[in-house]
Amino acid sequence: MSENTIPDVRAAAEKKSPRTHSFADHPLVQLTLVRFLEFIREPEALFWVFAFPILLAAGLGIAFRNRPADVLKIAVVSPGLAQSLQWEKLLEVQQLDENAAEDALRTGKVALLVLPGLAGSVEYRYDDTNPEGRAARLLADRAIQRAAGRTDPVAASDQLMREPGSRYIDFLIPGLLGMNLMGSAMWSIGFAIVDARRKKLLKRLVASPMPRPYYLISFLLSRILMLVIEVGVIVGFGALFFHVPFRGSLLTLFILCVLSSLSFSALGLLLASRVKTIEAASGLMNVVMMPMWIASGVFFSSQKFPSLMQPFIKALPLTAVIDALRSNMLQGANLSQMMPQTGIIMFWLVICYALALKLFRWR
Amino acid sequence: MPENASHSALRVSQLRKSYKDVRAVDGLNLEVCAGECFGLLGPNGAGKTTTVEICEGLTDPDSGDVEVLGMRWSSDAAQLRQRLGIQLQDTQLSEKLTVHETVRLFRSFFQQGAEASEVIARVQLEEKENSRVGDLSGGQKQRLALACALVGDPDFLFLDEPTTGLDPQARRQLWELIEEFKESGRTILLTTHYMDEAERLCNRVAIVDHGKEIAMGSPRELIASTCAEHVVEFTAGNASHALDESALRRIEGVREVRRQNEAVHLQVSELHTAVPALLAELTRQNVPLTEFRTHSATLEDVFVNLTGRHLRDE
Numbered sequence: 618m619s620e621n622t623i624p625d626v627r628a629a630a631e632k633k634s635p636r637t638h639s640f641a642d643h644p645l646v647q648l649t650l651v652r653f654l655e656f657i658r659e660p661e662a663l664f665w666v667f668a669f670p671i672l673l674a675a676g677l678g679i680a681f682r683n684r685p686a687d688v689l690k691i692a693v694v695s696p697g698l699a700q701s702l703q704w705e706k707l708l709e710v711q712q713l714d715e716n717a718a719e720d721a722l723r724t725g726k727v728a729l730l731v732l733p734g735l736a737g738s739v740e741y742r743y744d745d746t747n748p749e750g751r752a753a754r755l756l757a758d759r760a761i762q763r764a765a766g767r768t769d770p771v772a773a774s775d776q777l778m779r780e781p782g783s784r785y786i787d788f789l790i791p792g793l794l795g796m797n798l799m800g801s802a803m804w805s806i807g808f809a810i811v812d813a814r815r816k817k818l819l820k821r822l823v824a825s826p827m828p829r830p831y832y833l834i835s836f837l838l839s840r841i842l843m844l845v846i847e848v849g850v851i852v853g854f855g856a857l858f859f860h861v862p863f864r865g866s867l868l869t870l871f872i873l874c875v876l877s878s879l880s881f882s883a884l885g886l887l888l889a890s891r892v893k894t895i896e897a898a899s900g901l902m903n904v905v906m907m908p909m910w911i912a913s914g915v916f917f918s919s920q921k922f923p924s925l926m927q928p929f930i931k932a933l934p935l936t937a938v939i940d941a942l943r944s945n946m947l948q949g950a951n952l953s954q955m956m957p958q959t960g961i962i963m964f965w966l967v968i969c970y971a972l973a974l975k976l977f978r979w980r
Numbered sequence: 333m334p335e336n337a338s339h340s341a342l343r344v345s346q347l348r349k350s351y352k353d354v355r356a357v358d359g360l361n362l363e364v365c366a367g368e369c370f371g372l373l374g375p376n377g378a379g380k381t382t383t384v385e386i387c388e389g390l391t392d393p394d395s396g397d398v399e400v401l402g403m404r405w406s407s408d409a410a411q412l413r414q415r416l417g418i419q420l421q422d423t424q425l426s427e428k429l430t431v432h433e434t435v436r437l438f439r440s441f442f443q444q445g446a447e448a449s450e451v452i453a454r455v456q457l458e459e460k461e462n463s464r465v466g467d468l469s470g471g472q473k474q475r476l477a478l479a480c481a482l483v484g485d486p487d488f489l490f491l492d493e494p495t496t497g498l499d500p501q502a503r504r505q506l507w508e509l510i511e512e513f514k515e516s517g518r519t520i521l522l523t524t525h526y527m528d529e530a531e532r533l534c535n536r537v538a539i540v541d542h543g544k545e546i547a548m549g550s551p552r553e554l555i556a557s558t559c560a561e562h563v564v565e566f567t568a569g570n571a572s573h574a575l576d577e578s579a580l581r582r583i584e585g586v587r588e589v590r591r592q593n594e595a596v597h598l599q600v601s602e603l604h605t606a607v608p609a610l611l612a613e614l615t616r617q618n619v620p621l622t623e624f625r626t627h628s629a630t631l632e633d634v635f636v637n638l639t640g641r642h643l644r645d646e
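Listed in order, the protein sequences are those of chains A and B. Throughout the first sequence, residue numbering follows this note's numbering, covering 618 to 980 in sequence. Throughout the second sequence, residue numbering follows this note's numbering, covering 333 to 646 in sequence.
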């Protein structure tokens, strides 16, 4: 229906274009546009940035989905004990002779072996480094004591938490988002710059009147452009398929993502400031990113590392980013509550950018 | 170029540049007049690229003075960049972009110049305007590089080995484009190690070797001043009938005799007297002639004469 109007519009634009400097002809707009085109014309990059985090989140989300509590298998050797244990629904009791029971315990088929001791006492045999063994010991002991007439002095009731916000996937999505912000910013900037240097394209650009800061700024601008899509895809996936909650404001989340991306971009720029080959660049990137993948709490809490290491782990940019994302998404924290994290992110941004500008080589 | 009081577009004096222990440029002086095409000739590693990159403001010299279009890099870099068209040796432009996108990007850096499509048409790439750079042939890529150099409507064009690695047809096509630019009265500094390229395109050439200038002048002048006008190459003699070279020197019009493996090179001033005399001498010595050819002397012969080496000894 609009076929008639399109040629007119184009003809008008062509008539006007000579000698008028439109917005699209500004060097910064052109440089950013070129960045963007180069990126979307690279199928591998599209996979790593968009498809990979979703596949990972889907895989892990399914693997770690919440299931009803496991029933623990235990073995007993006397019918009397089996009798008193049968009311415990969380235990599956097998009555075996002593040899077979010992065997089952050794091979892990049962978590606990209950034996009658002297004078009506009971003996538990289990591996105390195995959490299932310890849990089975507590459950079995409670059942036996109650069957023998013990009453609990304090009344207790259970309230089960299985709602969005406390599941593994809720923990995972902010982690993956942080990891993706780091990876895509560092790879896209690092690779593009090292590749341009290797092909002497950087040298060709500085031989033209291109304002040099524009070149670097165009990377940051194209990052922000990509970010909207990238964050949207991951967050949308989490919200749609796993109902991951967003308790903080989306604006705060967006500001956080932009800040993080700029910080990682500066780190990528710093790493790429001198490197001349793709191999060296990817080695350097991996050396820098690997410790953060492990320690910064993408897949499991960084609190699991010894307290001696905590100050170092907390100072890593990815730890700060993921902590901030989690407290925004899961606890609804606002920017002022995330000052320590945003401070760390800003610190890295300023230091890396300043160093990169000082060290950067155009050829 | 009216603001240039002097008539020179480029003046280089006592230029020196070393990399570690290699003296790339060693006291070079050059003067390129406005409107001429000046060739910098020499074998690989002669210091041509280093010299050009210093003139382009991409490399700092250790010492010496460079003045381009009456300006200096230290004080007028931004203004100079707007007026130079630069094509570097083996730049690979982004393969993911189209021809139009690439030229338009470069166009955006310049304050003046034609529209991207116009420049693309000028280098005869209209049909490839929307093709990816990665899909272009070597010759087309070089023409695209030329388009990126021409897009700011420059007063001075720097071309560093523009046709290296191209097939003869692609080279000729590029030469025509360079000649077109030359005819518009603008200045060109060209480096090459192809003698035919320099002879065809350049008004004047400087031959450089080991970072020093060893000859300068128009191609005709250089050929006339350093060697005779014609070169005779032949192979004669065998094990039983060896050639006596000393007799050749006595032939009238023979300036120099050089032996290269089996072949003998004579530089002669007059072909029509020297060739019959040479054939008569071979008959007298009774040596069989196996190969024989003559050509007009070229810059290549000038270089061989000056250095004893071939330009493209690789």
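Source of the hints: derived by calculation from the structure; they are not laboratory data. Be aware that a few hints might be false.
Below 25 Å or equal to it, Euclidean Cα-Cα: the simulated PhoX-like pairs (lysine-lysine) are [as the list claims (entries may be wrong)]:
| hint | chain 1 | residue 1 | chain 2 | residue 2 |
| --- | --- | --- | --- | --- |
| 1 | A | Lys-817 | B | Lys-473 |
| 2 | A | Lys-975 | B | Lys-460 |
| 3 | B | Lys-544 | A | Lys-816 |
| 4 | A | Lys-706 | B | Lys-473 |
| 5 | A | Lys-816 | B | Lys-514 |
| 6 | B | Lys-460 | A | Lys-893 |
| 7 | A | Lys-893 | B | Lys-428 |
If you're wondering where the values come from, they're calculated on a predicted model, not measured in any experiment.
Each hint tested on the structure:
For the given pair, Lys-817 (chain A) sits about 14 Å from Lys-473 (chain B) by alpha-carbon distance, which is consistent with the 25 Å threshold. Our distance criterion of 25 Å between C-alpha atoms is broken by Lys-975 (chain A) and Lys-460 (chain B), whose separation comes to about 40 Å. Straight-line distance between C-alpha atoms of Lys-544 (chain B) and Lys-816 (chain A) comes to about 29 Å, which puts the hinted pair past the 25 Å bound. Of the pairs offered as hints, the one joining Lys-706 (chain A) and Lys-473 (chain B) is violated, with about 77 Å between alpha carbons and a cut-off of 25 Å exceeded.
Under the criterion of a C-alpha separation no larger than 25 Å, the hint pairing Lys-816 (chain A) with Lys-514 (chain B) is inconsistent with the structure, at around 29 Å. Of the pairs offered as hints, the one joining Lys-460 (chain B) and Lys-893 (chain A) is violated, with about 31 Å between alpha carbons and a cut-off of 25 Å exceeded. A threshold of 25 Å between alpha carbons decides the hint, and for Lys-893 (chain A) with Lys-428 (chain B) the separation of about 21 Å falls inside it, so the pair holds.
Going through the hint list in order, the structure does not satisfy hints 2, 3, 4, 5, 6.
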